[in-house]
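S.K.: If you read the sequences in order, they're chains A and B. Per the working numbering, residue 1 is the first one in the first sequence, and the count goes up by one each step. Per the working numbering, residue 1001 is the first one in the second sequence, and the count goes up by one each step.
Don't read these hints as lab results, they were simulated from the structure. Here a beta-carbon is modelled for each residue, glycine too, at the ideal position from N, C-alpha and C. One or more of the hints may lead you astray.
[Claimed, not checked] Restraint-style ranges between C-beta atoms, simulated for each label pair:
#, chain 1, residue 1, chain 2, residue 2, range
1, A, A208, B, V1153, 55 to 63 Å
2, B, R1034, A, N235, 50 to 58 Å
3, A, Q274, B, A1298, 48 to 56 Å
4, B, G1260, A, G283, 23 to 31 Å
5, B, R1034, A, Q160, 41 to 49 Å
6, B, D1206, A, A119, 21 to 29 Å
7, B, Q1274, A, Q274, 24 to 32 Å
8, A, A95, B, P1264, 49 to 57 Å
9, A, L232, B, N1046, 43 to 51 Å
10, B, D1206, A, T3, 29 to 37 Å
11, A, M1, B, D1206, 27 to 35 Å
12, B, K1050, A, L232, 43 to 51 Å
[What the hints assert, rightly or not] In silico EDC-like links for lysine to aspartate or glutamate, alpha-carbon gap of 20 Å or less:
#, chain 1, residue 1, chain 2, residue 2
13, B, K1209, A, D148
14, A, K164, B, E1039
15, A, K164, B, E1212
16, A, K202, B, E1254
17, B, K1202, B, E1212
18, B, K1164, A, D148
19, A, K209, B, E1225
20, A, K202, A, D295
21, B, K1202, A, D295
22, A, K50, A, E39
23, B, K1164, A, D295
24, A, K209, B, D1148
25, B, K1209, A, D150
2 protein chains.
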Amino acid sequence: MQTIGFIGLGLMGKPMAEHLLRVGYSLVLHNRNRTSVDELIALAHNSDFKPIPRAAGSPRQVAQASDVVITMLPNPAAVASVIDGDDGVLSGARAGAIVIDMSTSHPRLARELYAQGAARGVSVLDAPVSGGQVGAQQATLSIMVGGDADAFVRALPVLQVLGKNIVHVGGAGAGQIVKAANQIIVGLTIEAVAEALAFVQKAGVDGAKAREVMLGGFATSRILELHGQRMLQHNFVPGGRAETHLKDLTIALETAQVSGANLPITAQVAEMFQTLVERGFGGDDHSALWRIVADDWA
Amino acid sequence: MQTIGFIGLGLMGKPMAEHLLRVGYSLVLHNRNRTSVDELIALAHNSDFKPIPRAAGSPRQVAQASDVVITMLPNPAAVASVIDGDDGVLSGARAGAIVIDMSTSHPRLARELYAQGAARGVSVLDAPVSGGQVGAQQATLSIMVGGDADAFVRALPVLQVLGKNIVHVGGAGAGQIVKAANQIIVGLTIEAVAEALAFVQKAGVDGAKAREVMLGGFATSRILELHGQRMLQHNFVPGGRAETHLKDLTIALETAQVSGANLPITAQVAEMFQTLVERGFGGDDHSALWRIVADDWA
């Protein structure tokens, strides 16, 4: 079986690596904070999973030992450094290896890394996900993949361990473009649900009953279900952070400016997230857009 | 079995009346245009449904013959005239009768009709729906009901013939408030999907693949499924008309102004629908918000 390197064992990456461990892949792990690496190694020992994962001291060392390297990192700066830095994945990757960046990153950076990889005989895929921590834990992530078709086909068995709805959406960067589109829809739908629930409550109607009946009609969405419930319960423990969503929408707006796409409402919802961050609520769940709509800062 | 009056046999009302006919209710029908009445009577004869529906010459005559009167009308002006006009439902309704207005109307009007009914011993419910023509045909409508709890309980067996997710959301007008909230979510989610799909296409990525993968993640919604497909196919045959959605959002904005709710994005999406109407596309499906976002007037 292939050896898979996994770099970035946070809230998303750790359960993803665990799925790969359970199905028997040989894993080489690296994380900025060593704790997650040790926990996965201990889990393998305690659960008698074989083979036991190995720890590597740098992204370069991960790549030197792996056929496939997966990265799951918090932002484009981390992606650039881990994949293309001096001690990065590409500095150690074997010719013929595949690098799958599953972070939410910038389409332009994805294209640059693809080109850097190609120059070394390494296939780089951008493969961001939607579905959050629950999707990572249950292996039900949607995965939007950009890059070469043959690399996608080779990567597919690995991706199928991590997600359910896996689509090759186009060439390098296309995965990140679709992820940005995904975040446009999620952000604007959160705003839609916030305005609707604030509206019914101001009019003296029970928000929970409104949500319940709207879930059966055209207004239904995963956002109304999950984030609508969060708003009604005033539960803004993340989940997906407001500051992260601001980063994602900023990527969308920068990309739109280059291509000439018109995103009037996305621009405004990004400003709302900016206000949330400025007022100190950037660490809240993105459903905290509610605070702005309902003028509710408790 | 109760006799049910049904007034307003358009794209929504006619299939709804047909469901009541099939389960054996005695129907008294009225419509501005007589054709639909004749078609339902002919259907009963041809299919051997009993009893055969009767035609009535006015809303008043419908009410005189009915235990329950359902109205399904295109706008608040029609609702006011049919229910509260000189020859209207309330002028003929028996004490103890129930009037169920299933039109999308104004919360203020719903409260007025409730009071007019109460003065005559008639229970008036506002019970607008979501789910569109398909929901009406398949009897899967969501029904959001405002009015007295005892009238709701008495009306429920009739409503259960027409829909699936039926919730008593509050007192008189509450049904219309939740319907307005529903239309806020639907309108803003259409805008979200339009911006996202226009964004991916401008960036050179296939919109159909983007929609497919996003349907599996947090961005999924009935709107992405149905209206996203319409945008990709440039199919703006209604469905729900842009001019109707403008009317619905105008009701929401008027109601919000009275209650002090803050609807910044709803206000802007309403302006976009206004632009569509002004440019001659008011008869298009509401998914034609796409035209504004993509600057696509073909």
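S.K.: Decide, hint by hint, whether the structure agrees.
M.R.: Verification of the hints:
1. A208(A) <-> V1153(B): 55 to 63 Å: About 20 Å separates the Cβ atoms of A208(A) and V1153(B), which means 55 to 63 Å is violated.
2. R1034(B) <-> N235(A): 50 to 58 Å: holds, 55 Å
3. Q274(A) <-> A1298(B): 48 to 56 Å: For Q274(A) and A1298(B) the Cβ distance comes to about 36 Å; the hint is violated.
4. G1260(B) <-> G283(A): 23 to 31 Å: holds, 29 Å
5. R1034(B) <-> Q160(A): 41 to 49 Å: violated, 60 Å
6. D1206(B) <-> A119(A): 21 to 29 Å: Once the Cβ atoms are compared, 27 Å apart, the range 21 to 29 Å for A119(A) and D1206(B) holds.
7. Q1274(B) <-> Q274(A): 24 to 32 Å: Holds, since Q1274(B) and Q274(A) (Cβ atoms, about 28 Å apart) stay within the stated range.
8. A95(A) <-> P1264(B): 49 to 57 Å: holds, 54 Å
9. L232(A) <-> N1046(B): 43 to 51 Å: holds, 49 Å
10. D1206(B) <-> T3(A): 29 to 37 Å: holds, 33 Å
11. M1(A) <-> D1206(B): 27 to 35 Å: Once the Cβ atoms are compared, 33 Å apart, the range 27 to 35 Å for D1206(B) and M1(A) holds.
12. K1050(B) <-> L232(A): 43 to 51 Å: holds, 47 Å
13. K1209(B) <-> D148(A): Judged against 20 Å, a Cα distance of about 15 Å means the pair holds.
14. K164(A) <-> E1039(B): violated, 48 Å
15. K164(A) <-> E1212(B): OK: K164(A) and E1212(B) at ~12 Å, within 20 Å.
16. K202(A) <-> E1254(B): holds, 13 Å
17. K1202(B) <-> E1212(B): holds, 18 Å
18. K1164(B) <-> D148(A): Between K1164(B) and D148(A) the Cα gap is close to 46 Å, so the pair fails against 20 Å, i.e. violated.
19. K209(A) <-> E1225(B): violated, 25 Å
20. K202(A) <-> D295(A): This hinted pair holds, its Cα atoms lying about 12 Å apart.
21. K1202(B) <-> D295(A): violated, 35 Å
22. K50(A) <-> E39(A): Distance of about 15 Å is within 20 Å: holds.
23. K1164(B) <-> D295(A): violated, 35 Å
24. K209(A) <-> D1148(B): The hint holds at about 15 Å.
25. K1209(B) <-> D150(A): holds, 18 Å
Consistency with the previously given hints fails for numbers 1, 3, 5, 14, 18, 19, 21, 23, ordered from lowest to highest.
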